[in-house]
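Mind docking chains B, C and D with the ligands on chain A? Use the hints.
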Amino acid sequence: MKKLISKILNNDAFGNTLASLISIFLGLIVGLVVMVIFNRAGAWPGFLVMLQGGFSDGARGIGQVLYYTTPLILVGLAVGFSFQTGLFNIGVIGQFTIAAYVAIIIGGKLSMPASIHWIVALIGASLAGVIWAAVPGLLKAYFRVSEIISCIMMNYIALYLVNQLVHDTHYESTTAMSAYVKKTALMPKMGLDTIFPGSTVNSGLFIAIIMAILVYILLYKTSFGYSLRCCGLNRDASKYAGINETRNIIIVMLISGFIAGLAGGILYLSAITKNYKISELFINEPGYSIPVALLGMSHPIGIIFSSLFIAYIIVGGSLMQGYGFPVETVGIITAVLIYFSAFSLIFKNKVNKFALQFSYKESQKTDSFKNE
Amino acid sequence: ATAAASAEEAAPAAASETTGGGEIALLISAAGTLDDRAFNQGCWNGVKEFGDENGLSYMYYQPVEDTVEAQVTLCDTAVKAGAKFIIINSDQFKVAASKMITAYPDVTFIIFDTVPIDDDGNQVLTPNVLAIQFAEQQSTFLAGYAAVKDGYRKLGFMGGMAVPAVVRFGYGFVWGIETACKELGLDDVEIMYNYSGDFKPTPENQARAASWFQGGTEIIHVAAGPMGASVFAAAEQNNGVVIGVDSDQSAESPTIITSAIKDLETVTYNSLKAWKDGTFDGGKIVLYTAKENGVALASMKFKNFTQAEYDDLYQRLADDVDGISSAIPTDTDYESPDQIPLTCAKLTYVE
Amino acid sequence: MQHITKIFPRIVANDDISFQLRKGEIHALLGENGAGKSTLMSVLFGLYVPDGGRILVKGKEEKISDPHEANRLGIGMVHQHFKLVQVFTALENIVLGVETTRGGVLQMDEAREKVDALSKQYGLLVDLDKKIEDMTVGMQQRVEILKMLYRESEILVFDEPTAVLTPQEIDELIKIIKELAAEGKSIIFISHKLDEIQQVANRCTILRKGKFIATVNVAEATNEQLSEMMVGRKVMLQVEKDEPRVGEVALHVEDLVIKAPGLSERNKVNHVSFDVRKGEIVSIAGIENNGQHEVVMALTGLMPVNSGKISLNGEDITDWSVRKRNYKHISHIPEDRHKHGLILDFDLANNFILQSYFTEKFCNHGFLNSHSIQNYSTELIKQYDIRSAKGPDTIVKSMSGGNQQKAILAREMDRTHDLLIAVQPTRGLDVGAIEYIHKQLVRERDNGKAILLISLELDEVMNVSDRILVMFNGEIVANVFPKDVSERDLGLYMLGSKVGV
Amino acid sequence: MDTITFIFHQMLNFSIPLLIVALGGMFSSRCGIINIGLDGIMIIGALASFMFIRYAEGYISSQTLLLLAILVSIVSGMIFSLLHAFASINLKANQIISGQALNMIAPAFSVFVARLFIGDSIISFKNTFMIEEIPFLSQIPVLGDLLFKNIYLTTYLGLLVLWASHFVLYKTRFGLRLRACGEYPQAPDSVGIDVQKIRYIGVLISGGLSGLGGLVFVLPNSTNFNGTVSGYGFLALAVMILGQWQPSKIFFASLFFGTLKTMSAIYSGIPFFNTLGIPGNYYKLMPYLITVIVLILGPKSLAGPKAEGLPFEKGMS
Ligand SMILES: Nc1ncnc2c1ncn2[C@@H]1O[C@H](COP(=O)(O)OP(=O)(O)OP(=O)(O)O)[C@@H](O)[C@H]1O
Ligand SMILES: Nc1ncnc2c1ncn2[C@@H]1O[C@H](COP(=O)(O)OP(=O)(O)OP(=O)(O)O)[C@@H](O)[C@H]1O
Ligand SMILES: [Mg+2]
Ligand SMILES: [Mg+2]
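Chains as they are written, first to last, in this note's numbering: chain A, 36 to 407; chain B, 41 to 391; chain C, 52 to 552; chain D, 10 to 326.
There could be a bad hint or two in this list.
Unchecked claim - Derived pair list, reagent style DSS-like, types lysine-lysine, alpha-carbon separation capped at 30 Å:
#1 B:Lys316 / B:Lys124
#2 C:Lys390 / A:Lys383
#3 C:Lys441 / A:Lys385
Claimed, not checked - Stretch by stretch, here's where chain A covers chain C in the computed footprint (C-beta under 8 Å, at least three residues):
#4 364-375
#5 400-406
#6 411-420
Hints listed in this document are in silico derivations from the structure and should not be mistaken for laboratory results.
Just so it is clear, CB atoms sit at the ideal spot from N, CA and C, and this is done for glycine as well.
Extracted from the complex, chain A is given alone in its bound form:
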């Protein structure tokens, strides 16, 4: 029995999960305190609503949670994947934006049968993401330019370029947004609309989950993934091992851009009224990519859960408006939760330490522990 506990405690996934849960828990406590400061009367019911998240709004709520989860998984994956291989693709925002445009233009301008229209639009979007990510990738690989700075630049270029292109090519002037995409280009619902009526969730969710699994397999089960992780952990040793880092940098950026592009495409093909808003501000969703990736410990499966969590809080937080918490307070509380998620690493270490001590004591009792 004790052995079993010790084994569970020493399990990495368990440690990660427990650590994330602890940090989330602490974040929620602080969030509650913040809410009490803001609005004593509404704090507790509002907090409960946030905790219930999507569940407090029935099937539609759950559907919305899953809908918001979809792009978060993908942008989180794009960043997390790059992290694991030693790069920091902060350019997800730009890749996402440019992909959104391509999806909108293919979905809005071309005419195709429903069965292939959305697929073509998605492919186009992903390719746009790939192209946008290729620039920092190539710059890093061949010109030793920090991907952080080139990604920031590419983000702004994407923003202004797309603002202009949307305006020039597919624009609804009454709302300053992109015009509608055609119904044939919308992501198929695949029955999700009957399970979660009134929500925007669609087959993009499946694509996101499949991508997460694919990335997991790629990273941990294939030789190519092995070489990528080598580069991420020890550049010199990878060189020593004959791993072609230049090529890996480029491929990683391309894959990362592909995933980010997919996210942009799926989101803007989700609903007829989900349109690109011309603005000097970056799109919201990719802004969550870093927290999602890190809260999920950059692990593809972890990212699915961290996305679910953040989407859950987004939905719950929005419902808090009914309890006297305007959107800004929701923003603060979400940010507090994310701040605390940054501590998951230290909790992870604490959990590990505890686990080690536990098994050390156990083994001392049975005298099976030996030095070295």
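Structure of chains B, C and D with the ligands alone, referenced to chain A:
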């Protein structure tokens, strides 16, 4: 400690069962801000005034994103929290609005700047909704006309984005200038015209306005909500003057010589009052023009242009003397400002 | 130090160790890799808080909670891994922490005078304005010593100071250490090299697996006794090997030139040519930074060459990629096991397949075959007696240096190759581990493989190799057989004072 | 005022805040903590100082008010950056996520606080801070127009911060220790320097400067503060990298970027560009595009401080 809470203080009994929600709910778009120094704020001021006077709680709501599903969810949240009167202040809601008004026939709605439409694009006007629009072009017509009469010869228009309301502001301004120019027989009047592409106060927008003032522009009419602040700052540093927009912005900067307003505050207040009094008359579209006192110039600080001249002009607009108000072009008349046929003023359109 | 105990997760690094240092003595600390020497010293220096025991300095019990406290008590330490900021100059490194300032503004000139005086007094010549990254290891060590002297420490700890030095440098260091002791400073000297301990120390304390074994007077103990106490069994200090059965030329290097990064400096490798035949161990001796590093980098493909030709078994491999060379041709035990040799955050199994993860053995159609990887690892671990807590799943970071080195050795030996390049394969390892590695090298030679050994340690060079090349200033200045030269002569070649190709 | 002077002054509006904030980022990086929360800290600095200005406006002379506001912005930036310091130094949290959390907290917090205290998310202020002319100095030919007319105190402050950063970093004991902590914390640790303390100070300096940057950013560009600094914190990060973590190079990088931004903003005031009829968005993206090209052609050194972003555990080898 929110607005709703302060309303609670005024009327604790009314708000107690809703724990923070409001009987009057203002819905704004995901991309908007409440204190935008423009339409949202004007509307909110009307709500606050009425709510405080009548002991009704109020609250504003913003969706997670501007999709129909999210907007409908938002409306449900508001109704669940006790909303009886809902103000929709964004044309982004037009599809969602049609679903809201049919889902909640007992709740009263007003919607600004647009008309609810269903999925197929047909107008939906149930008796519990009033769609309210303004003739923005008339208020800026006044401004452009007054500025030229006051002696300005180089004028500029900076819009946020070419959305219909902003375009109407712009065209009206241009037409006001043209009209005054013709009346005075001037040949040296120049207009710079630009949509900056956003509504934010940024160094870029400050620099653009500064460069206009630097290049000789004497007065700029800015119709871009919060972005106005950048133009005011540029005016302060470059001895320029500015015409504000939407609501009376004179407190923002000493450089503001007047504001071209559409009176959302009063209209909101009056609609609420009608609802309270049981005289709410829904199911239709109302257009507020000079005739209905829906538009005006506020806090005029002109050197030469007098109140009497203003009153006279306003009356002519209200009565459409010689077709003066019907001649003002609106957003649907021309695609871009350089297509407006001007015989007197010269317009440079900066894309 | 009395009853010091320090527990790390999974390991009791110091188990009730008592240790006494007398004033003016040189006290050696001896023990296998992972015996707990560095840990004990880190406790003394305030880097670790011990889980038990106490420290007395001059009879007074002291709580040493951080290095600052240690400094205050006159304890100074030359760490095994130098604690120097690479991009700082020597002077900046020396004054760091005890800067002379006026109103917070650095007064480097005053410090410079003091350091100059010290370096003259002890003959520790160092270019104070040179950056650490441009210095040889020996030079860096001098900076570390100056750091201690500058702080006027009375108790000086040297953690494996000789592991990276040439014989001449070692001689000099020993001279300095003795001088310091003569002045009344007390010195703790950690080394795996018994000869050195014999040469320098008065007493010696031996640790084994975290436990105190004994403190002996060095004069009364033989090397054999010491090593037996340390390892717990008899150790062969001399490498046993037969005459080599030399075959045909395996590696042929012709007129190799590698330019230095800057324009003005001379070539790092200057028209070097040599052969290594099958079945022989050829070593390249030399003081660090004389071009050996670059030769290895060129052979393994990690650095481009400017001109010249490298061929293996008659095939020109000059333009081959690293991977092509790795694959079935060259094995390489790298100089820096943490930088190049291992991925510290991976487990053992993943480290074993570093160069061969893509081969059919471990990979089908691009997918890793975890079953065969696991089996292979278990086999290697058994075969090479690699000690690790969780077998193939042990994260390499958590293993001791000796076992990390064994893991690299196992991997490189096991890979198919014609040529094995071993760079400092025994650096920092204890005698037991060294013996083992040397045996493996000889076995490999006897299997008919060509072996190129690069070492800074003359002992090793003399003991293990069949033929010795000496590099100086980017050129090969000697090509001799061990039996024909003395260590002294080799030292002279290495210093460039003698040429004998 | 001729065109050159005008462009120069506009350029200062862009460059000075970038300079100050990038220098702030540099202090953090140089002590080993990567701070991507610059944007958020700027917002908090601006929030606090404009709240202060709003309440104190009218009671004291404008330059004194500005000086006090500067202090407020610095102190508030420091306090806010403590969140980042605590997370990344004490808790060894992931520095990127903690910095990003600051960026997410700040705008919402700013809107909320402003609404709580003044009932309005936008904090208007009367911009009476421009110095029209400095006696005597303004008479110097060329320089007088450029540097001593129509100028803000904060411009001089920016230059002062530049000089001070250089001095502190390279000439003082603290600077030496700070750099050591960012390169190889084991070294200062082994000589008894409190690495954590130095890192705290480094992050606090970055917080103070970013907070100040927030004030400096808003002051000449608006008549109110509305809870955003338009992503300038991220641009400052880029300027810091472009400037290779060295004060002098950061200075040139910020001038370079500021000039590009100026040109892209004021083109419409120049008749020639107007006749081209190129849409504004293309001008807007130009600075970023040119920077990418400069990155390709220019000298490159990826090498930031070696220990940047790595948590430090005492006594680890
Ligand atoms: N910080 C640490 N955390 C966990 N274990 C450690 C740590 N430092 C050392 N150890 C372990 O403690 C044991 C003693 O290590 P120590 O460094 O004291 O050995 P050593 O005698 O100096 O060996 P070497 O000759 O290799 O330098 C080793 O098994 C090592 O793996
Ligand atoms: N934090 C740690 N956790 C686990 N093991 C550690 C830790 N720190 C050090 N060690 C292990 O303790 C061993 C002894 O440490 P030390 O620094 O003395 O290196 P070493 O064995 O002498 O190797 P080298 O010759 O490369 O210096 C190291 O090999 C290292 O693997
Ligand atoms: Mg050691
Ligand atoms: Mg060692």
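Structure-based check of all given hints:
| no. | hint | verdict |
| --- | --- | --- |
| 1 | B:Lys316 / B:Lys124 | 11 Å, holds |
| 2 | C:Lys390 / A:Lys383 | 26 Å, holds |
| 3 | C:Lys441 / A:Lys385 | 20 Å, holds |
| 4 | 364-375 | holds (count 4) |
| 5 | 400-406 | holds (count 4) |
| 6 | 411-420 | holds (count 5) |
Hint check: no violations occur; every hint is consistent with the structure.
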